[in-house]
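Chains as they are written, first to last, in the numbering used here: chain A, 1333 to 1467; chain B, 13 to 553.
For the record, the hints were derived by calculation from the structure and aren't laboratory data.
Don't take every hint at face value.
[Said to hold, decoys possible] The calculated label-pair distances, taken between Cβ atoms and stated as ranges, are:
1) B:E94 with A:E1383: 37 to 45 Å
2) B:R421 with A:Q1387: 31 to 39 Å
3) B:F62 with A:E1383: 38 to 46 Å
4) B:I473 with A:N1462: 42 to 50 Å
5) A:Q1454 with B:N393: 25 to 33 Å
Owing to the predicted nature of the structure, the values given are computational and were not obtained by experimental measurement.
The beta-carbon is built from N, C-alpha and C at its ideal position, and this holds for glycine as well.
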Amino acid sequence: MSSAPRLRILVAKPGLDGHDRGAKIIARALRDAGIEVIYTGLHQTPEMIAEAAIQEDVDAIGLSILSGAHNTLFPAIMRLMREKGGDDIAIFGGGIIPEEDIASLKQAGVREIFTPGATTDQIVEWVRANVQPRT
Amino acid sequence: MSAQPKLAPTPSEAPRRFSTISDMEIKECYTADDVAGRDSAAEIGRPGEFPYTRGVYPTMHRGRPWTMRQFAGFGTPQDTNERFKFLLARGQTGLSTAFDMPTLMGYDADHERSLGEVGREGTAVSTIEDMEALFDGIALDEVTTSMTVNCSASIILAMYFAIAERRGIPMNALGGTIQNDMLKEFIAQKEWISPPVPSVRVIVDMIEFCTQHAPRFHPVSISGYHIREAGSTAVQEVAFTLADGLGYVDEAIKRGMHVDDFAPRLSFFFNLHNDFLEEIAKLRAARRLWAKLMRDRFDAKNPRSMMLRTHAQTAGCSLTAQQPVNNVVRVAIQALAGVLGGVQSLHTNSMDETLALPSENAAMVALRTQQIIAEESGVTNTVDPLGGSWAIEALTDRIEAEARDYIERIDRMGGIVRAIELGFPQKEIAEAAYRFQQQLDRKEKVMVGVNRYQVDEKPTIDILRIHHEVEDTQVGRVKAFKAKRDQPKATARLADVRAACKTGRNLMPLLIDAVKDGVTLGEVCDVYRDEFGVYRDPAWL
């Protein structure tokens, strides 16, 4: 193995819903691909997620949202990351997110959104190609 | 056709492994040898007789069709009330209510944690006024109502009883079901307030109260649906669901109740996934195993205590955002498995559910699917038509045996509450979900339109969008409600609820009085958070 630092990713589950099947599968697939994964657990507020990302010094945050609240939660987390000086931490996500919302979220700076049917390999490859260690 | 059609990919040369969607290996052909060596008369029997393998009633759907109960809820209570009336007008025979995430997690619409989630995944109910609006113009003594709510179920049920009382309908005339199954929340659906032990205490309060005062109401619907949606196998779905059921029976008996007084009102809720034969066998196995467990472990004497009566819903997780009209076909196959498996009540999913909440058109096609099975297909003309099929009986035996093994492992851990604290069912399910995802990624399992037969497509169906004004409206309603109530009275009622949390007195009568005097759902749940503590996700991977 090279001495390049391992990627560190925060897999986060904002909102009140309990749909963690996807988040757990992604977390495990990233970990099996040699990436360091911190999983927040369920029912996190944007503040808790932003705080964890800074504390854990991660390279990216992957948000899993299946509650329909993506247009509230993504912007809230991005605003907090800017305030905390973590705007170089890539934010990506996945869940039940309609096509037209994906466009506006990407315009707002979300790097990628995966929807049902994406394979774990596609997500791992995207992370490897698009997330760099920050230090 | 002018263009040469592309040939389908050729299967690999390796010997194919045939397995169910749960990864249970299936033989090429089943024969009498596969069901030899056991007492067929005792294990299969007749419909309506112990162990109910063939169904809980002698005439099943000939005597009484299943209840067509479409789960609905979105936006304001008024929005959902309109959808209820739309469905009833089209021949639906029971109601089923979906609440939004804040309601399900015990927050009022005006709480900061509710921001962005009000009315999105269900309807918003914070106050008795919301409950009145939800059931406005609906005869509560004529239609049975199911309410899918768990950690805040005690308050929702109190509101339902309170609005019935205001309309002059006695509690003992109310029929319906409240999901109220917290053990499966910790295992799978994961909406909770307090840890397992106090959560179960509140459930037993509700079982006790309904047994005494609302004998037609099912105070708990022991649910495998969410366990399966979280990624379990069919065997795990049966095992963990029945283990949860045993947990409630144990606790109610410890409270001093007699098994035959409350067990007849326990009801179940199973998933209907794609694997047709496995699902039929699963329902038959679950009925047989429950009957035996109730007889052998609790000495139940009333046959109704041993009958597993169940609602079922087609599998949301089986539906695809790709080529969504294909979902109509999936739902039809799943619903047919449910009917052949002998369910008492059924929800068929709408084709658009991977994209958003059901539109009116999609909800109607889903209901029509049930009506076509019931009235055109002919499968209801005879009871358990697949009974005696070697394949079905062999699968039934196997699912029963493997589920029993799981239940015995859970017994050795000290019961289901302890197993949940150890994360046992949660980890087993996560493992199965990961295994299935890998099989999909390797194309060993097929999802049509997702990992095979994909096409480039543009969204083709209209979806229901919940606008942000819903949230503003609801927040305004809750604030206005709180401003106009008799505050000292509400404060006193809430103090009574708090006292009962401490003393162990049955909460239900106090909750009914509290909601009548304007105490909100979020306020009671804050008391639960204070008195019973807050459960945090152990975040096992």
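Looking only at beta-carbon atoms, does the pair B:E94, A:E1383 fall within the given range of 37 to 45 Å? Because 42 Å falls inside the window, the suggested range holds.
Taking the beta carbons of B:R421 and A:Q1387, is their distance inside 31 to 39 Å? About 38 Å separates the Cβ atoms of B:R421 and A:Q1387, which means 31 to 39 Å holds.
I want to verify a distance hint. Is the separation of the beta carbons of B:I473 and A:N1462 within 42 to 50 Å? violated, 32 Å
Check the following: the C-beta atoms of B:F62 and A:E1383 are separated by a distance inside 38 to 46 Å. Violated, at about 57 Å.
Given a hint of 25 to 33 Å, does the C-beta separation of A:Q1454 and B:N393 actually sit inside it? Since the Cβ atoms of A:Q1454 and B:N393 sit about 48 Å apart, the hinted range of 25 to 33 Å is violated.
The structure fails hints 3, 4 and 5 (numbered hints given earlier, in ascending order).
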